[in-house]
Structure formats: structure tokens, C-alpha cells
Amino acid sequence: MSVFSKHSVAAAASTSLFVLLWSSGAIFSKLGLAHASPFAFLLIRFAIALAGLVVLAPILKLKPPRPGKPMLYAAATGLVLLGAYQIFYLLALDLKVTPGMMATIMGVQPILTVVLMERQRSFSRLFGLGLGLAGLIMVVYQGIGLSGMSLAGMVFGLLALASMTFGSIMQKRITDNPLGTLPVQYLAGLLLCSVFVPFQPFHFEHSSGFYLPVLWMGLVVSVLATLLLYRLIARGNLVNVTSLFYLVPAVTAVMDYLIFGNKLAVLSLLGMGLIIIGLAFVFAVSGRAPSRAA
Numbered sequence: 001m002s003v004f005s006k007h008s009v010a011a012a013a014s015t016s017l018f019v020l021l022w023s024s025g026a027i028f029s030k031l032g033l034a035h036a037s038p039f040a041f042l043l044i045r046f047a048i049a050l051a052g053l054v055v056l057a058p059i060l061k062l063k064p065p066r067p068g069k070p071m072l073y074a075a076a077t078g079l080v081l082l083g084a085y086q087i088f089y090l091l092a093l094d095l096k097v098t099p100g101m102m103a104t105i106m107g108v109q110p111i112l113t114v115v116l117m118e119r120q121r122s123f124s125r126l127f128g129l130g131l132g133l134a135g136l137i138m139v140v141y142q143g144i145g146l147s148g149m150s151l152a153g154m155v156f157g158l159l160a161l162a163s164m165t166f167g168s169i170m171q172k173r174i175t176d177n178p179l180g181t182l183p184v185q186y187l188a189g190l191l192l193c194s195v196f197v198p199f200q201p202f203h204f205e206h207s208s209g210f211y212l213p214v215l216w217m218g219l220v221v222s223v224l225a226t227l228l229l230y231r232l233i234a235r236g237n238l239v240n241v242t243s244l245f246y247l248v249p250a251v252t253a254v255m256d257y258l259i260f261g262n263k264l265a266v267l268s269l270l271g272m273g274l275i276i277i278g279l280a281f282v283f284a285v286s287g288r289a290p291s292r293a294a
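First residue of the sequence shown? That's 1 in the working numbering, and the numbers climb one at a time after it.
No lab work stands behind these hints: they were computed from the structure.
Hints are supplied without guarantee of correctness; some may be wrong.
[As the list claims (entries may be wrong)] Once the Cα atoms are required to be at most 20 Å apart in a straight line, the calculated DMTMM-like pairs of lysine to aspartate or glutamate come out as: (1) K69 to D176; (2) K61 to D176; (3) K263 to D94; (4) K63 to D176.
[What the hints assert, rightly or not] Label-pair restraints from in silico Cβ distances: (5) F127 to T175: 31 to 37 Å; (6) A280 to F199: 41 to 47 Å; (7) L126 to A162: 17 to 23 Å; (8) V197 to T175: 30 to 36 Å; (9) V195 to L20: 30 to 36 Å; (10) L126 to T175: 28 to 34 Å.
All residues carry an ideal CB built from backbone N, CA and C; glycine is no exception.
Generate the whole structure from the sequences, applying the supplied hints.
Okay, structure coming up:
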């Protein structure tokens, strides 16, 4: 096997692993929320992730950001990309937004990233943006108008979308030892979560129904999947990397159906389809396939 083919196989494997692990996040979060309040689940998850990163830091040679502006910028990125995103995401799930619905909302992120990162305003990009936003509107309307989900839950879902989009853009601008920022960023997320704890319900069950999901989210998703994401962001074009998220809704929807029995309604499926078609138009301009992100 040639060096190129070995590299291609390794890239495809890391990309596929990331998509599977990231898709499982909504499922395990939903399972954990059945046995804990959102902020209890999130605070313990952040603490586990931070402890795991501290242990792995010398093994992976993760060096902290330099003091001063690099450290402050890394912390600010953590507040948005990890703290705000996870808080809004869990609150949406806690307010009965299904994992499949949540993943479909997040599928709009690559299109928003293109609009915010690149100045090119071709017809194809604008048309793709229009299709993606139309798909998002259909998903939100299905959730609020037809499925009876709370308005607050859908608003939290949209805020999670905004946090992930802006946080990814902020992370891409960290070029000096980006993986080394993770411990600082999880500490920032932990502190942000701690601010809200005194004002929110805080309880969890001493059962496998809580410990297994929180350990999975704290170690597998928060550490392994996030390290993969940061590696992809550091080595690839951000627009192409975030296009991986268009695979997540379909994978999460299948998991959601198999585990919880939740089916995406026809309108939501049509919305997901429009989002994917919109992505095809957005990326047609650059001629880069999203699967080449790694």
C-alpha cells in the first residue's frame, strides 16, 4: 500500500470515528439527563474531561498557551466553543428537543461558517445558504408548531448552533499549539458552568444510568472526539472540516430511532434534505468535497 493510500485510509478512519463519536453525544446526553439535572451532568462532565486531559497532557505533550493574550484568547474560545455551546445544547435536550432534531439544527453550521469566513458571494453560495436556512425553518416549525416542543427549547438549540459556529471560527485562529488549549478551555467551561449552578437545580442519581453516560461524555466525547475535532481544524480548511457536521444529523437520527424510538417527521426530513442540498451548492463553488476535511 502506498504512502498516499495509507494516509487516505488513516484520514478516512479518523474522520469516520469523529462523526460516530460526535453523533453519539446527543444520545448519551439524553440518557444522562434522565438521571440528572442539566448543570449537574455538565459540571461533572467538565470535571471528568479536565481530569482526563491533565493525565493525558504529558503523554500527548500538550503544552499550555503562553501567558497573556494567548491564554486569555484560549479561555475565551473555551467559554464559547465548549461552555456556552454545551450549556445551550443540554438545556435544549432537557426541554424535550429530540437528539435527531437537535442534530439537524446543528447541520446548518457549515453553511453559516462559509458565510462568515469567506467573502465570496456567488449565486451558488447564496442559493445554498437559502436552501439551508429554509431547511432550518422547516425543522424549527416542525418542532414548535407541529410537534409541540417548547419555544425555549428551540431557542436554546439555535443558541447552541451560534455558539458552535463562532467558537469554531475562534479556534481556527489559534495556530500556536491548538491542542494544548484544551485543558484551559475545559477549565473555562467548568468555571462558566459553576457560575450558574447556585441558581439552577443540581441533582444526580447514584446509578449506572448516570455514571455511564457522564463518563462517556467526559472521556470519549469531550476528550477523544474533541481532540480529533481540534486536530482536523488545525490541519484542514475550517469550512471543509465543519462540513463533517452535515453527516451528524443522519447518524444521530438513526441512533435516536434505534435507542429512543423517535422518528423525524416528514417535514424535518425534508428540512434535513434541504440543508444537505444547500451544502452541495455551497461547496460546489470551491470544488472541494466535504469528505476531504482531514
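Evaluated hints:
1. K69 to D176: Distance ~12 Å between K69 and D176 Cα, so the pair holds.
2. K61 to D176: Holds, at about 14 Å.
3. K263 to D94: holds, 18 Å
4. K63 to D176: holds, 10 Å
5. F127 to T175: 31 to 37 Å: Holds - the Cβ-Cβ distance for F127 and T175, about 33 Å, lies within 31 to 37 Å.
6. A280 to F199: 41 to 47 Å: holds, 44 Å
7. L126 to A162: 17 to 23 Å: holds, 20 Å
8. V197 to T175: 30 to 36 Å: Check passed, 34 Å falls within 30 to 36 Å.
9. V195 to L20: 30 to 36 Å: About 33 Å separates the Cβ atoms of V195 and L20, which means 30 to 36 Å holds.
10. L126 to T175: 28 to 34 Å: holds, 30 Å
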